[in-house]
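Please build the complex by placing chain B on the supplied structure of chain A, with the hints as guidance.
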Amino acid sequence: MFACKNCGGNIIYDIKSKKLVCKKCSSSFAPESVTKENDSVDYDYFETTVFTCPQCGAEIMCEDNEASSFCTYCASSTVLTSRISKEKKPDYIIPFEKTKEECIGEFKKITKRAIFAPSELKDSKILDQFKAIYVPYWFYEVNQEGLFKVSGAEIHKTADFVTSYYFDVNGYIKGEFEGICRDASYSFSDDLGERIAPFFTEGKKKFYPSYLSGFYADISDVDSIVYEHEAEELANDVAREVVSNASCKGEYKNMKIYLSNDEATEQFNTAVSAKRALFPIWFMSFKNEKKVAYMTVNGQTGKAASDFPISKRKFAIGILLLTLLFLPITWLIVSLFPQRTAFATLDAALLLSCASYIIYYVQMKILQIKDSGSEDAGRFYQKTKVVYIKNKDKNELLKQYIRQSIIDIVMGVFYVGMILWEVPFILNISSQGKLFSIGAMSGVFRVFLIVGNLILAAIGFIRAGKLKNSAKYYGALLGGILMAAVLGIELINAQSAILSIISSVLLCAGAFLTIFDLVLYHNELTTRKPAHLKRRGGDAIAEDINNFDM
Amino acid sequence: MPKILIILICSLILAFFAAFITCYFLAKITSLPGKKSEAEEDEFNLFGVKYDCVAKNIEVKNKSYSSHERPKDDKTRIY
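Chain order of the listed sequences is A and B.
FYI, in the numbering used here the residues of the first sequence are 1 to 550.
FYI, in the numbering used here the residues of the second sequence are 1001 to 1079.
Bound conformation, chain B alone:
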């Protein structure tokens, strides 16, 4: 087989390969407009919500405490 033909076939295979992968991404990215950004998604729940919430007469009372040797595996345990 002539060298030039081999180069042409091989180039075509790789160009086609790269083309359909690129095309899929382009199609995917451009086909779902209006997607929420992450920031909007976080905001979405409180967006447009009117609220008023107050906590009054707060009183904090000590209830109990515990002290123990730190576990060897360095995990915090609450007893």
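Same shape as in the complex, but just chain A:
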């Protein structure tokens, strides 16, 4: 606690006046003028109270005892244990500029659009749980200076000859970069961090512990090495562009500079250094079943971002309302085919089911990438102790994309082939010359569509099997079984109207189960187990690590 020099009362940082204000006598002080006794003794560390949650193990710094009854990370009402700790002093801090009211206002704007988000998230009492947290960031500075020698080439092509000219480009470079920032908190995902970015580092101040009075602060637990490569690459890209612009002009305007990132680091003497910083974020965790979803608002700019779980109740109501809305339209469409109603419905159901399985297949691929966690460099490093380096080579990225998309290409060719096969039947060119007669889909096309859907369901289900916590979901498997039943009906008796209606119902049920799986997976990914479990001591560590998949 920071004490008022005039009356000894508790002073806290006031966002609006940007000063420390005494609750008792309303005196105000500049943050840099307020220190605790021990602060001036140790320049690298400062003394603070660290609260630990017995439920999830989260550790958070706070100067106020208010933190002792509620865990910000796992949203549990519990008694937090506290201890006085010496923490490494950050170099910079960006103080809060948005008040809680402004933050809630910004958050309400995004919840208005999230029509399927749980209703509790629009409740003022819940929104009051937003806490002001300083999240640790790494603040990278990059310096480049020295003489360089790089290679350039100019290639001229004529109809018969290729002539290549090679050059040496010498010069001197000086570059200074400041403010390349990445979050240094394991619990705070890169994705959320990037979505509330940017922070404008012009607003940074030298850190004084008094800035934390009245706020929470997370403890840095991601090594600075994790993002060093990104900072280095960014500076090298800019320097390469500068050298290129300075040399590829006049008689050398067609020359191109060839320089890899490693060569650039060597030639430009690129050196990266990291400083500690604290950035302001309004933060709230929302308990959804056993996991938590994080709601965040940038405390400097007010930009809000969150991963909202889909409320199953609202999803069901949405389906009901839309079914009632679509009913007159589908009634009208079905009435257009009085003689072949059941068969036309089966054809339409097959096409819709095909759309559902394509959606499932594509979404499962996206979820698989998100689920792997490889997009979050901090978590990737925590798990593997290997720095994740994004591949930026366009040719390599294209090759990688093609390698990963071979199944997509094969399935695309399969569907295009089927449609080409069916076009004469749809147009009825081969028989009575009637244009576009739905309900006259060829038997072969129906079987092809069902088989195609079965393949998509199978691939999707295999992908789902590779996801964590996937054991609970069997939508695609059940959908596949129902699809196989429809295939059996089609092969045994394709001419029965009643069986066609039953087939349509089975297709509808199968596709619904499959899509509902996607909703469940979405909720799985938008919420997370509290990320601090590894900080707990004793037997709990072993137990938690066994249960905890990144």
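Warning: the hint list may mix true and false statements.
Covered, in the sense of this in silico footprint (three residues per stretch, anywhere, with C-beta under 8 Å from a C-beta of chain B), are these stretches of chain A [to be verified]:
(1) 172-186
(2) 300-312
(3) 337-346
(4) 407-415
Bear in mind the hints are in silico, worked out from the structure with no lab data behind them.
Fair warning: this is a prediction, and the values are worked out from it, not measured in the lab.
Glycine residues also receive a C-beta, built at the ideal position from the N, C-alpha and C atoms.
Then chain B, alone, in the frame of chain A:
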């Protein structure tokens, strides 16, 4: 089975089908607010970064050149 009942069942099946697909898309689109646009994503790296980078005393020297018949497969090869 009466015709009207068949039409009702068939309409319901298709309406339900269209409803849950639409609902999924609506839920998906509205549940991830704050997503970066592509333009923002490109800018993100240099956004908020203060930098100053200059190259001076540039000197370009001819090193070598090669000329060869253009390959039949029209691919550029550098030797």
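Right, here's what the structure says about each hint:
For the stretch 172-186 of chain A, the proposed coverage by chain B is satisfied: 10 residues have a C-beta within less than 8 Å of a C-beta in that chain, meeting the threshold of three. Counting residues of the stretch 300-312 of chain A whose beta-carbon sits less than 8 Å from any beta-carbon of chain B gives 8, enough to reach three: the coverage restraint holds. Counting residues of the stretch 337-346 of chain A whose C-beta lies closer than 8 Å to any C-beta of chain B gives 5; at least three are required, and the coverage claim holds. Coverage of the stretch 407-415 of chain A by chain B is violated. Counting CB-CB distances below 8 Å, 0 residues qualify, and the rule asks for three or more.
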